[in-house]
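Protein sequences, first through last, are from chains A and B.
Basically my numbering = 1-based index in the first sequence + 102.
Basically my numbering = 1-based index in the second sequence + 6.
Be careful, since some hints might not be right.
What follows is a set of in silico ranges between Cβ atoms, one per label pair, in the way DEER data are often shown [to be verified]:
{"#": "1", "chain 1": "B", "residue 1": "M159", "chain 2": "A", "residue 2": "G144", "range": "50 to 58 Å"}
{"#": "2", "chain 1": "A", "residue 1": "T415", "chain 2": "B", "residue 2": "E245", "range": "26 to 34 Å"}
{"#": "3", "chain 1": "A", "residue 1": "R256", "chain 2": "B", "residue 2": "V80", "range": "46 to 54 Å"}
{"#": "4", "chain 1": "A", "residue 1": "K174", "chain 2": "B", "residue 2": "F176", "range": "29 to 37 Å"}
None of these hints come from the bench; they were simulated from the model.
Where a beta carbon is used, it is the ideal one built from N, C-alpha and C, also for glycine.
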Amino acid sequence: MMPSGSSFDRPFLQVTDLAVAFPTEDGLVQAVDGVSLSLERGKTLAIVGESGSGKSVTAQAIMGLINRKAAKISGQIWLDGQELIALPQNEVQELMGSEIAMIFQDPMSSLHPFYRIGDQIIEAIRAHRDIGKAAARSETIDMLRRVGIPAVERRVDAYPHQLSGGMRQRVMIAMALINSPALLIADEPTTALDVTVQAQILELISNLQDEFGTTVILITHDLGIVADVADEVAVMYGGRIVELGRTAMIYERPEMPYTLGLLSSVPRMDKVLPERLDPIRGNPPSPIRLPKGCVFQPRCDYFERVSGGACLTVRPELLPSGPDHFVRCHLRVEERQQIAQDVLRVLAGS
Amino acid sequence: MVAYLVRRVLGMFLLLFLLSISVFFLFNILPGDPARLTCGRACAPATIEANRHRLGLDEPVLTQYVKFVSGIFVGRTFSPDSPEPIDCEAPCLGYSFNRHEEVLSLIARAAPVTFWLAIGAFLMWIFAGITFGIFAALRRGRWPDRLIMTVSMIGYSLPSFFIGLVLVFFVIIKWQLLPFPSYVSPFENPGQFFQTMLLPWIVLATLNAAFYVRLTRNQVLEVFGDDYVRTARAKGLPERVVVVKHALRAGLTPIVTAAGLDLAYLLGGAIISENIFSLPGLGSLAINSITDSDLPLITGITLLTASIIIVANLVVDLLYAVVDPRVRIT
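The whole structure should be built from the sequences, with the hints applied where relevant.
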């Protein structure tokens, strides 16, 4: 699961030192700052972080959606033995919608308001495969049925505005999966939906993933939905991955203070919290002036425990902290494990 | 759909009815005596009174209005008790006693001029405006965009009479590239028609094109940021399809409807351009009728222009429902 690895035995998806920066009038916006991760075929990785953490930009870079003229991209993205960043635009375009597909946050605005949903999916099929309209249509109807659209024969000719948000997201999922992509990127697929619908959509993605053997990257700011669906979790902050590990590891033995903060701010139904919800104080750093040392240092409660003020001056690296667990923190391992235990104990209400 | 149309058409008639009342009464309280204007400088009071009676101006305003409206539907006869009554068949918009002609036939003669002027200018500005607008949007922030935006800002800032006079001075008088404008029907003499219309078209198109360049550019840029354009890209569609089928289809819809209204507005007469280039269109006719206090003609032109705009509004609304499935006509 880790950044390193020989070129012979590459995992299905491997991202190495990915950096994305947007030049603006105010300066260079460093949206993604050296992200490395890898993922085996058929697994699910959740990228968790708050707004501006760089999770969506990371996803769009993998997808190939970042406008190369408007942004500076560096690093490598290997998908199934092929490096994507160096690919010419027309080959990226061939991969988009066939090998890699994406579901977006807002199903209300992600479908074209002027075209029937069936036609929009048919267009996705015929962008990559040379098949007739009738065949594409029956395939579309088939897929819409599989994602749970009722009365498909009628709905296939509906316009997006005639469907509910949940239905539209199902249409988006059908559109994304129609060409059996190897990698599905779901960028906050449930954020815009009602809570009851959220669970249905996540379950649908999960079921279809099993059925098609799809590898999934789930982008979310909601730790609450991650535990059930993800095999691995990457916590992002300030354009960097600050903690990476198997899902159980992140939930049960988190080490990075930011991850602890995220876990403390998740509302829990099953436990009565000793006090009110505990948000992380302060605001995320400006991507134009990222802190020199640790990006989380200005909001961290524990940076003074590190001797020599390293958190302010030295950029921490993402280092192993046990099997399948990587943490970007200057605190000594025993110390941060102790901190985590204390925080989790308070959270558990004991 | 049918109910909507019925409702809109009824509303249209109500609006025209109210408009005709206000136009009619407004012009009747204006200073200036139409009867006095019907005969020359030295005019005996008796003649004026006789003309007043012939014109029906001695009747109460309300009666005049009723006769005017009924004339539109069933026709009317002016000065019925004189030896030479004037028959004006329905739809009778009145009779100009200054010009000794029915208002409708005056309008019918001027309307084609304005029609050709408007259509030609419309095609020019839509083509130029949308083309350059898209071009600028696709090259946002780079020099072609800046150049187009600067030129359009200048074009938009120049008053049309200024552009018109400059063009007349240089192109016609100084360099003599075109003959002095003299309107003929395009079916009669296409060559002369185009020579006459070219400059007026350019003048009218410049102002509007400048506006449409900016409108198109903003629309396209806005739509490019929309989620469904990203979805189209994520499908792996070629950039050309993303731009034309997805972005422009959505971005140009409001432009098309705005253009419909602007065309209608122009069909009511382009007063400045028609005057500079001596085109005998509705704009010139309107100006002349006002300087002559030709009440029947003023009323007729105002009602016609208003009708065009009201009808265009309806057409544009219907058109909008055709191009945008979210708009439902009920």
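Does the structure break any of the earlier hints, and which numbers would those be?
2, 4
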